[in-house]
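Please construct the entire structure, taking both the sequences and the accompanying hints into account.
Sequences listed follow chains A and B, in order.
Our numbering puts the first sequence at residues 103 to 370.
Our numbering puts the second sequence at residues 103 to 370.
These are calculated hints, taken from the structure and not from any lab test.
Hints should not be assumed to be uniformly reliable.
Note that identical chains are pooled: a pair holds if it fits in a single copy or bridges any two copies.
Distance condition first, Cα-Cα at most 25 angstroms in a straight line; then the derived SDA-like pairs of lysine to any residue [unchecked claim]: (1) Lys172 with Cys360; (2) Lys172 with Lys283; (3) Lys173 with Asn157; (4) Lys201 with Glu365; (5) Lys172 with Asp369.
Number of protein chains: 2
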Amino acid sequence: MLYFVGLGLFDVKDISLKGLEVLKSVDIVYAEFFTSKLFGSNFASIEDLIGKKINVLNRQEVEEENIFLKKAINCDVALICGGDPLIATTHTDFLVEAKKKGINSEVIHGSSIISSAPGISGLQAYKFGKITTIPFHEENYFPHSPYLAIRENLANNSHTLVLLDIQADKNRYMSVNEGLKYLMKVKEDLLANGKKDKVTVDENTLAIGIARVGSSDVLVKAGKIDDLIEYDFGGPLHCIAIPSKLHIVEAEYLVEICNGPREILDDV
Amino acid sequence: MLYFVGLGLFDVKDISLKGLEVLKSVDIVYAEFFTSKLFGSNFASIEDLIGKKINVLNRQEVEEENIFLKKAINCDVALICGGDPLIATTHTDFLVEAKKKGINSEVIHGSSIISSAPGISGLQAYKFGKITTIPFHEENYFPHSPYLAIRENLANNSHTLVLLDIQADKNRYMSVNEGLKYLMKVKEDLLANGKKDKVTVDENTLAIGIARVGSSDVLVKAGKIDDLIEYDFGGPLHCIAIPSKLHIVEAEYLVEICNGPREILDDV
Numbered sequence: 103m104l105y106f107v108g109l110g111l112f113d114v115k116d117i118s119l120k121g122l123e124v125l126k127s128v129d130i131v132y133a134e135f136f137t138s139k140l141f142g143s144n145f146a147s148i149e150d151l152i153g154k155k156i157n158v159l160n161r162q163e164v165e166e167e168n169i170f171l172k173k174a175i176n177c178d179v180a181l182i183c184g185g186d187p188l189i190a191t192t193h194t195d196f197l198v199e200a201k202k203k204g205i206n207s208e209v210i211h212g213s214s215i216i217s218s219a220p221g222i223s224g225l226q227a228y229k230f231g232k233i234t235t236i237p238f239h240e241e242n243y244f245p246h247s248p249y250l251a252i253r254e255n256l257a258n259n260s261h262t263l264v265l266l267d268i269q270a271d272k273n274r275y276m277s278v279n280e281g282l283k284y285l286m287k288v289k290e291d292l293l294a295n296g297k298k299d300k301v302t303v304d305e306n307t308l309a310i311g312i313a314r315v316g317s318s319d320v321l322v323k324a325g326k327i328d329d330l331i332e333y334d335f336g337g338p339l340h341c342i343a344i345p346s347k348l349h350i351v352e353a354e355y356l357v358e359i360c361n362g363p364r365e366i367l368d369d370v
Numbered sequence: 103m104l105y106f107v108g109l110g111l112f113d114v115k116d117i118s119l120k121g122l123e124v125l126k127s128v129d130i131v132y133a134e135f136f137t138s139k140l141f142g143s144n145f146a147s148i149e150d151l152i153g154k155k156i157n158v159l160n161r162q163e164v165e166e167e168n169i170f171l172k173k174a175i176n177c178d179v180a181l182i183c184g185g186d187p188l189i190a191t192t193h194t195d196f197l198v199e200a201k202k203k204g205i206n207s208e209v210i211h212g213s214s215i216i217s218s219a220p221g222i223s224g225l226q227a228y229k230f231g232k233i234t235t236i237p238f239h240e241e242n243y244f245p246h247s248p249y250l251a252i253r254e255n256l257a258n259n260s261h262t263l264v265l266l267d268i269q270a271d272k273n274r275y276m277s278v279n280e281g282l283k284y285l286m287k288v289k290e291d292l293l294a295n296g297k298k299d300k301v302t303v304d305e306n307t308l309a310i311g312i313a314r315v316g317s318s319d320v321l322v323k324a325g326k327i328d329d330l331i332e333y334d335f336g337g338p339l340h341c342i343a344i345p346s347k348l349h350i351v352e353a354e355y356l357v358e359i360c361n362g363p364r365e366i367l368d369d370v
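Given below as structure tokens:
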């Protein structure tokens, strides 16, 4: 038997009772933390909680060698990860592989950035369009696609949840500041290439920076990109929401809870 | 102090350890279940778990009288609900009201249909467009908007998560079958009104019916609408996903895990 157990958003106490029961009952617990990360906890505190050792797998051991799948043929095995277990694409693939090998599997869901960030941003969940992710800017890799995704959502009157890159193996977690700078760099590129008509997001665009969702130290701050781009959001994980047209209830939340400028209320 | 505690997807064991600690520690626990419902549990089992009585509020007591807000001025109060606490729009409004009254508040997130249903459907979370909800068809109320939302998402090459109406006070929970019939009725209306060009979803459209996410009895079944419209999905809660163009990994999941027809693989 193979269990996919989501640990939830932030620390060891975000796991569900159901997930904890499973981790206590199985023979072996494997972890992969390259697709997500719990910031409020370390492995030792999870091991204390479940009363057994966690076997940490690297990407190759998870994706190529399928170590946990091989074990699950004869044992009860759990694979843990941060957030909800099925948000990472590879995990739905593992469900397929397990089925083909005749291994029963069960998913224990967890709280996820996909549902929690829209909520805590004060924006209505049903008004979000496609999610986009900003990758780290590498020498030969600087896709404009996150900017264009926001642009398309705005054209469809949809909010955008912007996830920020995680390179857990290098201990790199993109900040709101880095994410906004990335978007402004795309804007500069578009202007430099004479594509002024494609510029929809600039320094005056309203954005919401979100840090440490799921912790008691959560921070949600609304403002023009210019006002957020150097703002100190503190430790990871961060993400961004870019609102399209606001409902009055959303605007009030951005002013009252997210300390956004009061002129937000003038535009609704 | 006011806590918003999400109970998670399905039963009493979907609450997080953090949520359970809060419910054990506060002075009063209020519940509202008209925006969501836990199917695997009753109040008694939650009361047993947390060791105190739950005060169930009706819509008026929650939205007009703000009973829990008044109590939170002098006591530690928790408001519980199914899923994640901020998915219901009213709850972000309560955060604003609490702030205005000088009441500190904290959100304890839970697993939500918004993140779990995309995952369990095998479709990639970042390819979903706007969520839509199908309401119960009333004598003078039959909006075409859910159908048109799916149509718009398909035009943008986005999958759609279709939530189904809940009228908990009347013990009515829309089934996948009812939801699909609603969509086919809209299609008939469009044809009857000479709007054939607006018809994008019909009996041959691929859909995924999802029942009881978060339980060990979860059912996910892919097929043409014609093949699902009378299919028995069992007890609530149900929802639907309508895929746009599939990636091969998504298609394999629909065939292997969701028992979809093998021709799905021919179209990717």
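ask   = Quick one: lysine 172 to lysine 283, C-alpha cut-off 25 angstroms, is that within a copy, between copies, both, or neither?
value = For lysine 172 and lysine 283, neither the intra-copy (44 angstroms) nor the inter-copy (43 angstroms) Cα distance is at most 25 angstroms.
Alpha-carbon proximity context of lysine 172 and aspartate 369, limit 25 angstroms = Neither, since 57 angstroms and 31 angstroms both go past 25 angstroms.
request  = Can you give me the call for lysine 173 and asparagine 157, within, between, both or neither, at a CA distance of at most 25 angstroms?
outcome  = Close inside one copy (12 angstroms), not across copies (46 angstroms); limit 25 angstroms.
task = Go through the copies and call it for lysine 201 and glutamate 365: within, between, both or neither, with a Cα cutoff of 25 angstroms.
result = between (55 angstroms within a copy, 19 angstroms between copies)
request  = Go through the copies and call it for lysine 172 and cysteine 360: within, between, both or neither, with a Cα cutoff of 25 angstroms.
outcome  = between (48 angstroms within a copy, 23 angstroms between copies)
Hints 2, 5, counting from the list given before, are not met by this structure.
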